[in-house]
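K.L.:
Chains as they are written, first to last, in my numbering: chain F, 81 to 328; chain U, 499 to 783; chain E, 38 to 370.
A portion of the hints provided could be inaccurate.
Simulated restraints on C-beta separations [unchecked claim]:
(1) 675(U) - 76(E): 50 to 58 Å
(2) 150(F) - 157(E): 20 to 28 Å
(3) 82(F) - 162(E): 54 to 62 Å
(4) 586(U) - 214(E): 49 to 57 Å
Hints are computed from structural coordinates only; laboratory data are not their basis.
We treat Cβ as the ideally placed atom computed from N, Cα and C, and that holds for glycine.
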Amino acid sequence: MSPLLQVEALDKRFGGLHVTRGVSFQLAAGDRLALIGPNGAGKTTLVNQISGVLRSDAGRIRLCGEDVTGLGQARRVRMGLARTFQITTLAPHLPVQRQIEMALFERQGLGAYAWRSVDDYPQLRDEARVLLARFGLLGHAATATQDLAYGEQRLIEMALALALRPKVLLLDEPMAGVPKGDGARLLSALDALPKELGVLIIEHDMDLVFRLANRIVVLAEGAVLANGTPEQIRRDPKVRAAYLGHSA
Amino acid sequence: MNILFNIAVDGLAYGMVLFVIAVGLSLTLGLMRFVNLSHGAFAMVGGYCAALLMREAQWSFWLAVPAAVAATAALGAVLEASVLRHLYRRKELEQVLFTIGLSFVLIAATNALAGPQVQLIPLPPMLAGSVDLGWRTLPAQRLLVIGAGLGIAALAAWVVARTRFGIWLRAAVDHDGTASSLGIPIRVVQCASFAAGAALAGLGGILGAELMPLEPYYALKYLVLVLVVVSVGGMGSIAGSLVAAVALGLIETASKYLASDWGSLFFFLAMALLLAWRPNGLLKR
Amino acid sequence: MNTPTVLTARATPRSEAPAQPRCAPPWRAPAIVLAAGALACLLLPDQLGLLTRIFIAALLVLSLDLVVGIAGLATLGHAALFGVGAYAAGIFALKVMPDPLLGLAVGVAAGAALALASGAFLLRYQGFTFLMLTVAVAQIVLSLAQKARDWTGADDGLSGFAVAPLLGRFAFDLEGRVAAWYALAVLVLALYLLSRLMNSPFGLAVRGIHENRARMAALGTPIYGRLLAMYTVAGAVAGAAGALSAQTNAVVGLDSLSFALSAEVLVMLILGGAGRLYGAVIGTVVFTLLHHTAASINPYHWLFVVGFLLMSVVLLPPARVAAFLRRRLGGPR
């Protein structure tokens with residue numbers, strides 16, 4: 081079965097700064113691939129190139145076998161690639177349920193329809209509420225997004241990505257900024273992600289990485305340092321030297 | 499040949515006036531990201547102060563002008579410190595509306611104080627005549643304006659590149675959070691830059707009084723031109739403002755001489771094309 | 038910006054089900070405007086000219102709300118869309134035929150066409166650059182109108198056209214009764230259609246683009262296309278207002294394309310609150326009534342009033358004052 085996501089020799093410079101150096105890896109259905117590396121390694125820049133926010137200088141990106149390197153972000157999303165942001169990126173004044181419904185309208189291609197009220201799509205409304213219930217946010221359906229606790233906003237980020245029914249999901253530090261105690265719902269959401277989904281997750285929390293991931297790619301100074309199973313990475317001396325430092 | 503020379507001189511002078519007025523706004527926009535549509539009012543206040551001091555208090559040109567510029571600087575500093583700085587964090591549209599409201603109030607106040615008639619600034623005899631270049635004569639006023647513009651551009655460039663204030667200014671433009679944690683007094687930089695911009699606008703209003711007559715609606719009437727210079731030249735770029743002001747001044751003057759029934763079409767067409775080509779400013783990327 | 042109350046929380050009456058967001062019914066605001074407008078026309082028969090001006094201005098400010106309040110694009114060139122509709126309707130009445138409804142359609146088409154053409158260029162830019170470019174486009178249109186003296190009359194204005202009876206029956210009378218009801222009807226219809234638009238998935242998407250473009254891009258929204266569509270709709274509505282103005286005044290001047298008009302409609306919108314559609318109507322009424330009373334005394338005093346109003350509205354926006362009071366009086370949120 082062809083891999084969901086293929087990244088081939090991706091390269092990017094910002095002026096004199098070489099931020100991505102010939103990065104290649106693959107993501108198959110059901111993979112939970114963790115992208116780790118020291119700060120400044122270029123992880124978010126890489127995810128920005130994969131999702132289409134940034135244009136690479138060289139290399140190819142394939143989604144389910146199709147070359148998407150020249151396509152914009154919106155096209156890639158419609159082809160099944162969804163992402164979350166490290167810094168919460170939500171429409172602040174919209175009620176939570178509306179924001180999910182908005183994602184559903186886009187998925188169904190209804191975003192240009194201008195006659196029926198958003199309340200007149202009962203199937204999509206119910207789907208939104210089911211999704212909210214799964215994340216334990218149904219009680220906040222009418223609350224404005226900016227009035228939610230930060231941890232709950234991170235949950236909305238993930239819910240929006242899942243609402244798009246993607247084939248590939250890119251999670252950029254989903255736990256970023258969430259206090260240790262509030263992370264439980266987020267963790268169970270991560271555990272409960274659909275099995276066929278290919279997930280790439282950037283994370284710094286090593287416990288989470290080893291708990292979740294079936295493969296790990298280590299990025300250092302823009303290049304792939306190591307790519308393998310958690311056990312292989314744990315034992316790799318290069319990785320220890322560059323990153324894990326004190327014993328894992 | 500004659501026409502071309504006239505266009506060049508008048509266009510250059512016009513451009514210099516626009517530059518002197520616009521440079522303060524460009525700095526404010528670049529430094530504080532503050533869209534100040536009351537900037538035209540500072541030019542108006544400077545011109546009015548000079549005119550009134552000369553007419554009512556019988557001061558000489560050489561006393562009235564610096565006094566007027568200083569008064570405008572003071573007004574700018576007071577406004578910035580008391581009211582305007584609270585708006586730095588607000589959205590663009592809110593800044594636009596507040597400063598338009600401020601302009602309205604200043605226009606009404608000007609009318610209440612000095613009436614609706616045009617104010618004239620009589621030049622001293624030394625500057626009122628013509629200068630003989632050998633092959634052509636020029637009104638001395640034009641030379642004064644062009645010289646002043648170039649002088650101010652040079653002074654501004656020197657301050658920014660060579661003085662400590664200039665270093666503070668550049669640091670604050672690039673990243674005010676870091677700058678303040680390095681001990682740079684951001685509030686002082688902001689207030690002083692704003693006041694300096696207001697002072698320059700006042701000077702521009704005085705220098706340009708012939709080309710842009712001083713009456714209460716001045717504050718809004720010429721605002722569009724100044725905004726155009728700032729946007730085409732790029733926010734925060736002194737050199738950009740100079741190039742944009744001179745280019746646009748020449749185009750507008752040429753179009754007045756050669757194609758007057760087209761109005762300001764070429765000016766705005768040039769502006770739109772230049773902005774579309776370089777949205778961040780002529781000299782930036 | 039003000040919170041869009043159309044899409045915010047309204048608790049469902051049954052207590053077991055948790056609150057859901059619900060849109061306000063689209064006929065509510067138009068019904069209120071129709072009732073208030075009709076009442077005003079009946080009770081103030083000697084102010085019909087003023088009322089007609091208010092209805093037409095409200096329509097224009099409504100179109101501006103689509104761009105500024107809903108799409109979040111600050112513009113100082115909106116008068117161009119109005120003026121183009123006015124001149125198109127006037128020229129149509131003068132040179133083709135004087136039927137008012139066809140003239141209205143021509144005005145709508147002209148406004149939409151200019152919005153589509155200029156929007157395709159303008160919407161590639163954002164923020165201050167976009168704002169300045171809207172000024173440029175409007176000034177270019179104004180210059181072209183000045184140059185095309187044979188078509189527009191330039192400084193003398195376009196006049197000498199008559200408007201045929203509405204629907205073949207209602208002739209435009211000197212007291213302005215037909216004009217007032219005509220303008221009110223168009224305003225109410227437009228408000229209904231735009232309320233539906235705002236409640237629709239398209240309206241929701243454009244609001245999403247306003248609040249967070251990066252989020253919408255991450256949902257796969259074609260941002261440029263949606264904004265262009267909204268801008269074109271706004272152009273159509275502004276063109277309608279222009280056509281009404283031409284038909285009810287029987288004259289079109291260059292001031293319909295002026296920067297002053299663009300700034301004035303922006304002020305009207307902010308006074309009433311942007312983003313809620315009915316705010317456009319409220320702001321227009323408040324501004325026009327104030328102008329009507331204050332300007333007759335002394336045009337400069339009017340500037341004092343409007344200037345202070347603007348500064349106060351920005352420093353203490355009505356929505357925030359309301360929210361502050363609610364919190365003070367209503368306890369924990």
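K.L.:
Taking the hints in turn, state whether each one holds.
P.N.:
Here is what the structure says about each hint:
In this structure the supplied range 50 to 58 Å holds for residue 675(U) paired with residue 76(E), their Cβ-Cβ distance being about 56 Å. Distance hint check for residue 150(F) and residue 157(E): the Cβ-Cβ separation is about 22 Å, which falls inside the suggested range of 20 to 28 Å. One distance hint, 54 to 62 Å for the beta-carbon pair residue 82(F) and residue 162(E), is violated here, with the actual separation near 41 Å. One distance hint, 49 to 57 Å for the beta-carbon pair residue 586(U) and residue 214(E), holds here, with the actual separation near 52 Å.
Checked against the numbered hints given earlier, this structure breaks only hint 3.
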